[in-house]
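Engineer: In case you want the letters, here they are:
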Amino acid sequence: MNMTTTPAPPVSMIDPAVLPTGNGATLEARTVAAWFAEHQILDDISLAMPANSVTAIIGPSGCGKSTFLRVLNRMHELVPKSSLAGEVLLDGADVYGIGVRPAETRRHIGMVFQKPNPFPTMTIRENVLSGLKLAGIKNEGSNDDLVERCLDQAGLWREVKDRLGSAGGALSGGQQQRLCIARALAVSPRVLLMDEPCSALDPTSTLRIEETIRDIVGSVTIVIVTHNMQQAARVSDYTAFFLGDEGRPGTVVEFGPTSELFTAPNDPRTEDYINGRFG
Amino acid sequence: MTVTTVPSPNPASLPTPTRRRPQAITPAEGVRIAGVAGVAVILTALVFLATPLSGAFGSVVFAFAAFVALEVVDVSLRLDPQAAKDRTATILITGSAGVALVPLGFIVWYVVSKGIGGMHPGFFTKTLEEVGPLDPASAGGAEHAIIGSVEQVGLASLIATPLGILTAVYLSEYPGRLTRVVRFFVDSMSGIPSVVAGLFIYTLWVVRLEKGFSGLAAAMALSVLMLPTVARTAEEMLKLVPDGLRESSLALGAPKWRTVTSIVLPTARSGLITAGILGVARIAGETAPLLMTAFGTDSVNVNPTKGAQSSLPLFVYQRVRNAVPSQVARGWAGALVLILLVLTLFTVARLFGRVRKAA
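Read top to bottom, the protein sequences are chains A and B.
Residue 91 in our numbering sits at position 91 of the first sequence; the count goes up by one each step and never skips.
Here our numbering runs 1000 ahead of the position in the second sequence, where the first position is 1.
Note that these hints are calculated values from the structure, not bench results.
Quick list of in silico lysine-lysine cross-link-like pairs, DSBU-like style, CA-CA up to 30 angstroms:
| id | chain 1 | residue 1 | chain 2 | residue 2 |
| --- | --- | --- | --- | --- |
| 1 | B | K1256 | A | K115 |
| 2 | A | K138 | A | K115 |
| 3 | B | K1256 | A | K133 |
| 4 | A | K138 | B | K1256 |
Quick caveat, the model's predicted, so the values are computed rather than measured.
Okay, chain A solo, but in the shape it has when bound (with noise of 0.2 angstroms):
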């Protein structure tokens, strides 16, 4: 595949060959935009993010990025007076279609956040379970082997599985993180969008974050916005470079593979990024 700038390269110049087969699904942006109140944020965004991949959203602060996550998965439209145009595709099917429930594609599109925030009221368990009583899923097999799987992916089993009776809030930073993610994991998610979820962890938990995003990836799609290229780099196939300031919208400045975009970027502003030179 070839780098560009921006447009960013429609889902058909992914060789579907190299795709991994898996419950990920691909995630297409089009064109898409979008503002609170009058300030627009993003503009002309189209990305296409293949499927049981990773794929890095980097860029300064103020950029967008967090937004366009959530504009992915429909929690942009719950902040008050905020507006957006363009396309959002799974596998396809525009979730911004009519008729297309939001709390539906979320539980689709599951998100990790920037901080850590289990359930305070529930124990490990009921966390990990939670998304199944909220979405009204009906778990067909047996919840403890829910359970176990989902934090045996999460990495945390080993840790937490002799007392998944006690509070999750009891963990340390980087075990409720990784009982987020198993938490998001329990809904069985086609795309898990995470959102800088290592910003507020140190290097060891974030380095078993990473892990644990390798290991996922193969049942999963996953966007991740990032901060941190080091982190950009190690954990993700593909890497999307946004830029936007204060006068102007985030837009993509370019999209590739991340091997080659770290190596030989196209774009002079994504060579000076990636090289510390300003951001």
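Start from chain A and add chain B according to the hints.
Structural biologist: Relative to the frame of chain A, chain B by itself:
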């Protein structure tokens, strides 16, 4: 620069470290403060003996002022002006907190000392049905009033707490065009004088609908007073629930109503109980609206839907107005029971609120 390795010492050979608490008041400082207080008291005594000044209240105020002034002088002589300012602020703030507690202490002490005389086991099991106006305080009791109070406050809570919490959920979780209007009316409602709430139920329910006096009518009047307190307190409690929890829930695919019932309300649980407690505190001592709704009686009426009912505030009001000392003693005993009842309720509600948090 070279890096040196710190050799790890043998733990057994380590001396026990001397622990310090730099913020604690040292014994020497404590003695000094006590000394300054002593000087202030002696000074006050001398001044009050030597001059026409007199009176217990005046001497306390004078002694406190003297203590503050002497402390400032003492500290600023030994330390710097900043330390003197700091000490002044500490004394004044601690003193203010103490002053604020004085009325509470006096009320409790006064009610207990006045009420304890009229208390006897029969007070909880007998009524005033067959008690003459000149019988001693040991005759009869307030059973009918206790039953009435429990029923009226209980019914009012059953009406106002769910309504108040639903209002709070609307204000906090479903903001819309009407939010400000509703909040304005709730705020206005909290300004309704209790006697007006009583008159409202009296004209509408007791007279117009010909339902007559009853505990239920009293409960309705009380719920009018309780609703705004519960609604606004509960709203503040719901606002304390972090938005991250709401977003996490929605991001899992939960509909909004599920997010409210399964995440927001359980997280705010102890706060909502506090809202209920404040509501009960608002109405438990109300007397005026009860005069026009429950009316009062001297015998037990267990049925809150029909017939006049007594209550502890009414009981207190009607006894204490009396000229006969035994009746007045009954009134004070009733006031004491009312305080104990409210206190018990608060304690139970607090314990209940604390129990369930994921262990």
